[in-house]
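Chains A and B supply the protein sequences, listed in that same order. Residue numbering for the first sequence follows full-length UniProt numbering, beginning at 1 and increasing consecutively. Residue numbering for the second sequence follows full-length UniProt numbering, beginning at 1 and increasing consecutively.
Everything hinted at is true.
Stretch by stretch, here's where chain A covers chain B in the computed footprint (C-beta under 8 Å, at least three residues):
id: 1; region: 161–170
id: 2; region: 215–227
id: 3; region: 232–239
Sample of chain B residues with no beta-carbon within 12 Å of chain A, all distances over it, derived:
id: 4; residue: Ala29
id: 5; residue: Asp73
id: 6; residue: Met79
id: 7; residue: Ala127
id: 8; residue: Arg129
id: 9; residue: Asn138
20 Å max Cα-Cα, derived SDA-like pairs, lysine to any residue:
id: 10; chain 1: A; residue 1: Lys110; chain 2: A; residue 2: Gln100
id: 11; chain 1: A; residue 1: Lys166; chain 2: B; residue 2: Val230
id: 12; chain 1: B; residue 1: Lys166; chain 2: A; residue 2: Phe236
id: 13; chain 1: B; residue 1: Lys86; chain 2: B; residue 2: Phe35
id: 14; chain 1: A; residue 1: Lys166; chain 2: B; residue 2: Thr237
id: 15; chain 1: B; residue 1: Lys166; chain 2: A; residue 2: Ile241
id: 16; chain 1: B; residue 1: Lys110; chain 2: B; residue 2: Leu53
id: 17; chain 1: B; residue 1: Lys222; chain 2: A; residue 2: Arg163
id: 18; chain 1: B; residue 1: Lys166; chain 2: A; residue 2: Arg233
id: 19; chain 1: A; residue 1: Lys222; chain 2: B; residue 2: Ile239
id: 20; chain 1: A; residue 1: Lys166; chain 2: B; residue 2: Ser240
id: 21; chain 1: A; residue 1: Lys166; chain 2: B; residue 2: Arg187
id: 22; chain 1: A; residue 1: Lys166; chain 2: B; residue 2: Ile241
id: 23; chain 1: A; residue 1: Lys222; chain 2: B; residue 2: Phe236
id: 24; chain 1: A; residue 1: Lys222; chain 2: B; residue 2: Arg163
id: 25; chain 1: B; residue 1: Lys222; chain 2: A; residue 2: Gln238
id: 26; chain 1: B; residue 1: Lys110; chain 2: A; residue 2: Ser112
id: 27; chain 1: A; residue 1: Lys110; chain 2: B; residue 2: Lys110
id: 28; chain 1: A; residue 1: Lys166; chain 2: B; residue 2: Ser229
id: 29; chain 1: B; residue 1: Lys166; chain 2: A; residue 2: Ala231
id: 30; chain 1: B; residue 1: Lys86; chain 2: B; residue 2: Ser97
id: 31; chain 1: B; residue 1: Lys166; chain 2: A; residue 2: Arg187
Just so you know, these hints were derived from the structure itself, not from any lab. Even for Gly, the Cβ is constructed at its ideal location relative to N, Cα and C.
Take a look at the letters that make up each chain.
2 protein chains.
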Amino acid sequence: MTYCVGLLLNDGMVLLSDTRTNAGLDNIATYRKMFVFEDPGERVIAVLTAGSLSVTQTTIARLREAIDEPDADAGSSIMLAPTMLKVAEIIGNTLASVRQDIDEKMTAAKVSTSASMIVAGQRAGGAMRMFLIYPEGNFIEATDDTPFLQIGEHKYGKPILDRVVKPGTSLSEAQKAVLLSMDSTLRSNLSVGMPLDLAVIEKDACRVTTRRRIEAGDPQFKAMSEAWSVALRESFTQISI
Amino acid sequence: MTYCVGLLLNDGMVLLSDTRTNAGLDNIATYRKMFVFEDPGERVIAVLTAGSLSVTQTTIARLREAIDEPDADAGSSIMLAPTMLKVAEIIGNTLASVRQDIDEKMTAAKVSTSASMIVAGQRAGGAMRMFLIYPEGNFIEATDDTPFLQIGEHKYGKPILDRVVKPGTSLSEAQKAVLLSMDSTLRSNLSVGMPLDLAVIEKDACRVTTRRRIEAGDPQFKAMSEAWSVALRESFTQISI
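Looking at chain A on its own, in the form it has when it is part of the complex:
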């Protein structure tokens, strides 16, 4: 499994993904699940992926190919698409078509492949937008009411987001929120694992303004995680029933 989360806030977008993939419990590997397509200052698109690795890798590869095609146009390349909505459509269609191709190969094995994605981006002159793309290629969009999207093992890390994330949350608080949301997930579910990829896209920068890989044992993450544990336990002790 996987855990990826994206926040769409007034000041920008914050994205976090883990890197664990597994085929069964005895075949674990590390793969990046965050992909950035960037024309700095003009357009930035970040894609987070969950689900079948063969589906998500092929989808990303096809998106890259479509960008590099000599006759790439606004209908095929996410770097030329006129709006973020169109970007989400291209990615959704690519994902659905890859999935269909792979599903056909898998029919004999009676295995079904599935994958979902979070797409976050902004083009110069447009608004920041964030979408959750379903395995079938359709999608929903983050709004003020629900300023975060999650894919993969989303349940363990949802309570903290439900409590603290609002559109007005600062980018620094937001990074804390996604890291603590990930921390809860890492503690409770083996199929989500370090290292982590964190990205911040400040509003109107149209580029990734902060990008950080957090390795296992990262002292800053570890200190935060421990401080949170202590704070939780202390709060717990102080609450009266």
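Start from chain A and add chain B according to the hints.
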């Protein structure tokens, strides 16, 4: 869905269940999911249920019938079974057989029924034991390493349990832990709902020593839930990234 949780601690056992059942989103009802079989001072057995209501109700009804049979014996009645392990076996077998009966009826509709249970109990002279019974009738037991068992929508409420519950946790702290675990679940998942049923079985009492139904709007639960939200938000603010 459902959320039920049971803690097996040195001082006793603490059990909490919600009461929401739904057939689709537009057919929601309240049903008790905690059932107590008691011969005070001699034997106490509490059963928490999750899954198909027709399966769990029929299972509980058959367990009651088996107790009331004039020729009930140690192999059929959970109130006569010589050990808690045997109790878990009887409940597991009853659950599996009910499920099979109902599944046969459902084949035409291509609907599968599933249910699981937590069984907690003690008989005079024996140890407290707690089991999680799977839909197939097999079961696992809570131990010192893992002193809690959950059924239903267990993920939202797991991080708090992972952090604070140890075998040495006091019964009062334990009640707080299960209530806060439930609170996180209620906030994040519509299919789990008030009122709640809370039971405490103190060690060697062989009866339910505290039993409480917590209705929606219960001032004590509400105050605890709000205090926890405030404490979480304050802790969150104080953590440095």
